[in-house]
Amino acid sequence: MEITIHFYSYFKDLTGCAQTTITVPPGGTMSDLLNHMIRRFPELGAMQNSTLTAVGVEYQGRGYVLQEGDEVSLFPPVQGG
Amino acid sequence: MKRQLIIARERIDETALLLKRRMSDGMGAVVCFLGVVRGTEEDRTISAIEYEAFLRMAEHQFNLLFDEMEKRWPIESVRLVHRIGTVKVNEPSLWVEVVAPHRGEAFAASQWLIDEMKRVVPIWKKALT
Chain A
73 MEITIHFYSY FKDLTGCAQT TITVPPGGTM SDLLNHMIRR FPELGAMQNS
123 TLTAVGVEYQ GRGYVLQEGD EVSLFPPVQG G
Chain B
239 MKRQLIIARE RIDETALLLK RRMSDGMGAV VCFLGVVRGT EEDRTISAIE
289 YEAFLRMAEH QFNLLFDEME KRWPIESVRL VHRIGTVKVN EPSLWVEVVA
339 PHRGEAFAAS QWLIDEMKRV VPIWKKALT
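If you read the protein sequences in the order shown, they are chains A and B.
Quick note on numbering: the first sequence equals residues 73 to 153 in this note's numbering.
Quick note on numbering: the second sequence equals residues 239 to 367 in this note's numbering.
The set of hints was computed from the structure by calculation and includes no laboratory data.
When the alpha-carbon atoms are kept at most 25 Å apart in a straight line, the in silico DMTMM-like pairs for lysine to aspartate or glutamate are as follows: (1) LYS363/B <-> GLU252/B; (2) LYS240/B <-> GLU130/A; (3) LYS363/B <-> ASP251/B; (4) LYS240/B <-> GLU343/B; (5) LYS356/B <-> ASP281/B; (6) LYS356/B <-> GLU130/A; (7) LYS84/A <-> GLU288/B; (8) LYS356/B <-> ASP251/B; (9) LYS309/B <-> GLU130/A; (10) LYS356/B <-> GLU143/A; (11) LYS364/B <-> GLU115/A; (12) LYS364/B <-> GLU280/B; (13) LYS356/B <-> ASP85/A; (14) LYS326/B <-> ASP85/A; (15) LYS363/B <-> ASP85/A; (16) LYS363/B <-> GLU248/B; (17) LYS363/B <-> GLU280/B; (18) LYS240/B <-> GLU297/B; (19) LYS364/B <-> ASP85/A; (20) LYS84/A <-> GLU279/B; (21) LYS363/B <-> ASP281/B; (22) LYS84/A <-> GLU280/B; (23) LYS84/A <-> GLU290/B; (24) LYS363/B <-> GLU143/A; (25) LYS363/B <-> GLU288/B; (26) LYS364/B <-> GLU279/B; (27) LYS363/B <-> GLU130/A; (28) LYS84/A <-> GLU297/B; (29) LYS84/A <-> GLU143/A; (30) LYS326/B <-> GLU297/B; (31) LYS364/B <-> GLU130/A; (32) LYS326/B <-> GLU280/B; (33) LYS356/B <-> ASP305/B; (34) LYS356/B <-> GLU343/B; (35) LYS309/B <-> GLU297/B; (36) LYS363/B <-> GLU329/B; (37) LYS363/B <-> GLU115/A; (38) LYS326/B <-> GLU248/B; (39) LYS356/B <-> GLU288/B; (40) LYS363/B <-> GLU290/B.
Next up, chain A with everything else stripped away, as it sits in the complex (with noise of 0.2 Å):
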């Protein structure tokens, strides 16, 4: 199934783009999709353990198992204020 990621604050430069597209197997989870970002983006990997996950507009953790349609949103801490 078709994830869409979106980049946040810094990391749309750790990246270089706003958003991504991937396909993960039924059953994937946050932190599948997370390895498979590091791998294709290592330089997040340095912000793997303080990386925040949201599915739509609500927080998601490591062990979320995708859906199909998800949207996907991968940031640092934030920092509003």
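Dock chain B against chain A, hints included.
Same frame as chain A, now just chain B:
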């Protein structure tokens, strides 16, 4: 609890916001907080901060925080304005107002809201020199 959320590029107009304040007779406390861009960031002199938001998620996360505030304290209203885009040094980037019956809950709720915002609301900043 009444709530107003504005995430926008326009400058924060404190006077206009104050003129729109509405509170009922039972309310005895208004806490108003202004976050202002400092001229230094990690010991470097800067001229401005560029704020970026994942807008749809930021609005959702703010509303979840407002829901939680309403459960924890007897707040009558909360208004929050956060700027995005370029905010120059000395300009406000954040304006928060909490209206409650007593100062204890107004201070506690506003402090909690700002702390939680910095933890979960997807807004980022980049210092500009």
